[in-house]
Amino acid sequence: MPEYQVEEWHGEECVSTQATSADDPLSAVEKVTGQRVSPRALQEHWFRVVDEDARSTHEFSLEDGGPAGDFAK
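Just so we're aligned, residue 38 is where the sequence shown starts under the numbering used here, counting upward by one.
It is worth saying that the hints were derived from the structure and are not from the lab. Do not rely on the hints blindly, as some may be mistaken.
For lysine to aspartate or glutamate, the following EDC-like pairs were computed, each having C-alpha atoms within a straight-line distance of at most 20 Å [to be verified]:
no., residue 1, residue 2
1, K68, E44
2, K68, E40
3, K68, D88
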């Protein structure tokens, strides 16, 4: 399984980061947050998933806007 770096952002500030193994970027961020996510749509609270092997990044937000929280714990 590929390794992904999942970063939690509030606006332009990265507030936490966590590495995880998953089948794809969407699965990685859902594994870290424990919640359903969707492609980022200009929300203040969002997640960036970095795939260093593929040299790509992906942005997601919690589907319901969800509560702000530190998911790196």
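Now for the hints, and whether the structure bears them out:
| no. | hint | verdict |
| --- | --- | --- |
| 1 | K68 / E44 | holds (13 Å) |
| 2 | K68 / E40 | holds (12 Å) |
| 3 | K68 / D88 | holds (15 Å) |
Taken one by one, the earlier hints all hold for this structure without exception.
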